[in-house]
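Please construct the entire structure, taking both the sequences and the accompanying hints into account.
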Amino acid sequence: MKSRDLASALATPTAPLVREALTHLTLNSLEALTIQALTATEEKLRQVVVDRVIAFAAQQSEDGPPPVGAYFTPTERRAAEAVTWNPFIAALASTEEMPDLRHTCTRVVRVPVREAELTDKVFADQELASALNRLAAIDPPGHEDVLRVHLPTRQVTRVTA
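Taking this note's numbering, the leading residue of the sequence shown gets 592, the next gets one more, and so forth.
These aren't lab readings, by the way, just hints derived from the structure by calculation.
Glycine is no exception: its CB is placed at the ideal position from the N, C-alpha and C atoms.
One or more hints might be untrue.
Stated by the list, open to error - Simulated restraints on C-beta separations: (1) E706 with I729: 25 to 33 Å; (2) R745 with P656: 37 to 45 Å; (3) E687 with A649: 16 to 24 Å; (4) E653 with H615: 52 to 60 Å; (5) Q650 with N724: 21 to 29 Å; (6) R595 with L616: 42 to 50 Å; (7) T617 with A715: 39 to 47 Å; (8) A649 with H615: 41 to 49 Å; (9) D691 with A728: 22 to 30 Å; (10) A649 with A623: 34 to 42 Å; (11) E706 with L618: 41 to 49 Å; (12) Q650 with R595: 31 to 39 Å; (13) P656 with A606: 42 to 50 Å.
Here you go:
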C-alpha cells in the first residue's frame, strides 16, 4: 500500500474499515500511532500558520525589503483560561533580528471580554487564529514566549523574549 492510499483511508478515521483495523492493533501500536498523529497534527498546524502569514505579508504594499519573520505574542483572555497565541501578528520584520516586542506603555486599558472576542472575530484571520489556538493547546506558551514564523525557511519556533 502506498502512503497516499493509506492517507486516503485514514482521512476518515471513523469509517468502519479504519475503526476495525485499529481494534486489531496492540496497545503499544495504538499509543505509537497516537504520538505520530499528534506530531503530524502539530506540523500541519505550523504549516497553516506559515501559509496564512505568507498570505498576509503578500497583501502588505510597503516598499522596501520583504519580511523575513513574523512574531506572535501570547495572550490570556480570561484568568481562568490558559495562555494562547494572539491571533494578530505582533511584528513583521525584514531582518533576522528579533524586534523588541516589550510593551512600551505602562497604561492599562480594560477591554470587555465580548469586545475582545468581537475584535478577534471581525479582524483576525480565523484559519490562522484556529491554528494558533490549537498549537497553544498542544504546547502551551508561557507569558514571556514569542512564536516566530521564519518565512524563507517556513519554520515556526517558540522563543523566550
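Exercise. Can you list which hints this structure breaks, lowest number first?
Worked result: 2, 6
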